[in-house]
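I would like the entire structure built from these sequences, with the hints used as guidance.
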Amino acid sequence: MSVFIIAEAGVNHNGSVTLAKQLIDVAAEAGADAVKFQTFQTKQLVSRNAKKADYQLEHTDVGESQFDMIKKLELDIQTHRELIAYCQKKRIMFLSTPFDHESIIMLHDLALPIFKIPSGEITNLPYLRAIGALKKEVILSTGMATLGEIETALNILVDAGTCLHHITVLHANTMYPTPMEDVNLHAMVTIGKALNVAYGYSDHTLGIEVDIAAVALGASVIEKHFTLDKTMPGPDHKASLEPDELKAMVRSIRNIEYALGDGVKKPSRSELPNRAVARKSIVANRPIAKGECFSEENLAVKRPGTGMSPMRWDEIIGTDASRNYEVDELI
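Residue numbering for the sequence shown follows my numbering, starting at 43 and increasing by one per position.
Calculated directly from the structure, the hints in this document are not laboratory data. Some hints here could point you the wrong way.
To be verified - Simulated pairs of lysine-lysine, BS3-like, Cα-Cα distance not exceeding 27 Å:
id	residue 1	residue 2
1	K307	K235
2	K85	K114
3	K114	K177
4	K272	K332
5	K132	K307
6	K344	K63
7	K63	K272
8	K114	K272
9	K307	K289
10	K178	K132
11	K93	K289
12	K272	K113
13	K322	K332
14	K322	K308
15	K93	K113
16	K307	K272
17	K178	K93
18	K113	K85
19	K113	K177
20	K235	K332
21	K131	K289
This is the structure in structure tokens:
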């Protein structure tokens, strides 16, 4: 099964439908399977006195509240319909993360096939129960969470009606950008094995190498933020990939998928011709007369590998030559 690649547009549209469509263009051209936005009612998501995260303060107006920052990035239902239609035209799946109950209902009414749960909602029981009751495919991000919290969230989703095999858990770190020493990619595999669930990786590091490594470790879903330009104003642009980087990530992931293969150790089609060149055969080490006994003195092992395999060495030693042999002639 191919790795499901989510190009995370998030709020990098800066509130502009035009920019949102340009982001869809980039994701489709890069070969991503889905492009994901964020759906929220600001008044339901954040209180007016909530502070910004440190990374948000670095890249937005420090005098602006988190409420005011997020309000400008809100997308209404008509915009959702417009973007869904545009994704259908571009043949890429539209996804969006709901951050409140009204948004869950909106996305369900819009018939989204997959519900993505963000890291911040993993301890939100009513939210988890509402999504679990929809019985849809679920992708659960786990930034800031312990293994026990992940297990509890899964139990809530399953008890509400979602099958465990319809859930993919994404290892994640919520720092933008994530320091390499905090990635802890082996924890992704731990989640999958400990909870018997499909797993993947939601990446906030700079670059694409961690995403490639995650695929090599068995990730079935990769999510990565992208933008049109890292220098644009907004909270997430700087830690996002630019279009050429997104293309490189998708291309690298697809190459790694090919390289991983089926796990059966056998000669590949491309290397079969090399066996005759690189392997060796039993040959005459000097002229050998008919009837002469083959010995370690008159036999040798040399290329090419088109004759008798050296694995039959013990079988041949001590038998008699059935004809004359010249030096280096295959036995």
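Tested hints:
Using a Cα cut-off of 27 Å, the hinted pair K307 and K235 holds, with the two alpha carbons roughly 24 Å apart. Between K85 and K114 the alpha-carbon distance is near 12 Å, which keeps this suggested pair within the 27 Å criterion. Annotation: proposed proximity of K114 to K177 is violated, straight-line Cα distance about 32 Å (limit 27 Å). Among the hinted pairs, K272 with K332 is inconsistent with the structure: their alpha-carbon atoms are about 79 Å apart, more than 27 Å.
A distance of roughly 39 Å separates the Cα atoms of K132 and K307; the hinted pair therefore is violated under the 27 Å criterion. At roughly 64 Å between alpha-carbon atoms, K344 and K63 are farther apart than 27 Å, so this suggested pair is violated. Only pairs whose Cα atoms come within 27 Å are accepted, and K63 paired with K272 is accepted, the gap being roughly 17 Å. This hinted pair checks out: K114 and K272 have alpha carbons roughly 19 Å apart, not beyond 27 Å.
Taking the CA atoms of K307 and K289, the gap is about 31 Å. The hint is violated against a cut of 27 Å. Note on K178 and K132: the hinted pairing holds, with a Cα-Cα distance of about 24 Å set against a maximum of 27 Å. With a CA separation close to 35 Å, the supplied pair K93 and K289 exceeds the 27 Å bound. A hinted pair counts as satisfied when its Cα atoms are at most 27 Å apart, and K272 with K113 qualifies at roughly 21 Å.
A C-alpha spacing of about 23 Å is found between K322 and K332, which places the hinted pair at or below 27 Å, so the restraint holds. At roughly 19 Å between alpha-carbon atoms, K322 and K308 fall within 27 Å of each other, so this suggested pair holds. For the suggested pair K93 and K113, the alpha carbons sit about 14 Å apart, so the restraint of at most 27 Å is met. Distance restraint check for K307 and K272: the Cα-Cα separation of roughly 44 Å exceeds the 27 Å cut-off, and the hinted pair is therefore not satisfied.
For the hint linking K178 to K93, the alpha-carbon distance of about 33 Å lies beyond 27 Å, and the restraint is violated. Among the hinted pairs, K113 with K85 is consistent with the structure: their alpha-carbon atoms are about 8 Å apart, no more than 27 Å. Restraint check for K113 and K177: the C-alpha separation of about 30 Å exceeds 27 Å, so the hint is violated. Distance restraint check for K235 and K332: the Cα-Cα separation of roughly 64 Å exceeds the 27 Å cut-off, and the hinted pair is therefore not satisfied.
Distance check on the hinted pair: K131 and K289 sit about 20 Å apart at the alpha-carbon level, within 27 Å; holds.
The structure does not agree with the numbered hints 3, 4, 5, 6, 9, 11, 16, 17, 19 and 20 stated previously, though it agrees with the rest.
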